[in-house]
Amino acid sequence: MGIIEDIEEEIKQNYKINSGIKLDEAYVTGAGDSFAASLVIEGKTNGRFRAIDPYDALCMNMDKPLIIVSVSGKPKSNINLARKFKGKTKIYVITANPESELAKLADEIVYLPYKTKRVLPGTLSFMMSLSALYDIANVEEDKGCGKEIPIEDRAFFIGKGENYGIAYFAYLKLAEIFGWSSNFERLEQFFHSPIFSSRTRQVIIFSSGDEREKEARKLMNVNLTECRGAFCNLRTFLKSLIFTMRIKNWNKIYFLEDKEILNISSAMIY
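Just so we're aligned, residue 1 is where the sequence shown starts under UniProt numbering, counting upward by one.
Rather than coming from a laboratory, the hints here were simulated on the basis of the structure. One or more of the hints may lead you astray.
[Claimed, not checked] PhoX-like cross-link-like pairs, simulated, lysine-lysine; straight-line CA separation at most 25 Å: (1) K12 to K115; (2) K84 to K104; (3) K143 to K160; (4) K115 to K104; (5) K76 to K90; (6) K147 to K248; (7) K147 to K214.
All values derive from a computational prediction rather than experimental measurement.
Modelling step: build the complete structure from the supplied sequences, incorporating the hints.
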């Protein structure tokens, strides 16, 4: 099978995670896709779960439990953070690598049964991570999936609340898969300045059902998804991503092709 078929196969799999953990509040951290998941749960819980950058968090004081999301368990920023706060606050690690050094620093592990035959941009792993966070926070996943949207280079992704994390995730996938530049922003912030960089560009709003999103569509040319929550918007984006790869006959992953940048990325991360 090709890359497109492998991604399609991934997102058809069961992603539901039962963590066995329930928390009222926490700091949530991770990098890349994991940080996107942290932003989603922050929006979904209206701030009860607060997204923090793992490197910036080394300078923080922790006054709530710490959840570290890391599928591989390998990024050094996550490991250093866990080391610093081990014994000072309860540490939960969401990972597919229970033998990692990060996992060994955890007070409790939430295991993600994620395995892949080849290196792929995170799709199923992201869905699993998000499902685990929703379960820990004791919030319900939304249902459904909207119509696919052909995505353009230099797209601008916008999201309110939990959908801001989906906008960030979309931005990450366009960089990883196509090597495209794009932008992401919160709904309100977009209209205060970033809108001036959006002329001639595709604007995609991951809908939350907010009236201001509908007002924006009346005033300017935007693609508004048929969703209200993060999981519906995630499914819609992944469907759109595969659709775009097909119409562009794009059966490769950019980050695996650009070895020079990949080596720099790996040196900084690991």
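Evaluation of the provided hints:
1. Restraint check: the Cα-Cα separation between K12 and K115 comes to about 14 Å, which is no more than 25 Å; the hinted pair holds.
2. Pair hint K84 plus K104 holds up; C-alpha atoms about 14 Å apart against a cutoff of 25 Å.
3. Taking the CA atoms of K143 and K160, the gap is near 18 Å; set against the 25 Å cutoff, the hint holds.
4. For the hint linking K115 to K104, the alpha-carbon distance of about 20 Å falls within 25 Å, and the restraint holds.
5. Pair hint K76 plus K90 holds up; C-alpha atoms about 19 Å apart against a cutoff of 25 Å.
6. For the given pair, K147 sits about 18 Å from K248 by alpha-carbon distance, which is consistent with the 25 Å threshold.
7. Of the supplied pair hints, the one linking K147 and K214 holds, its CA atoms being roughly 17 Å apart against a limit of 25 Å.
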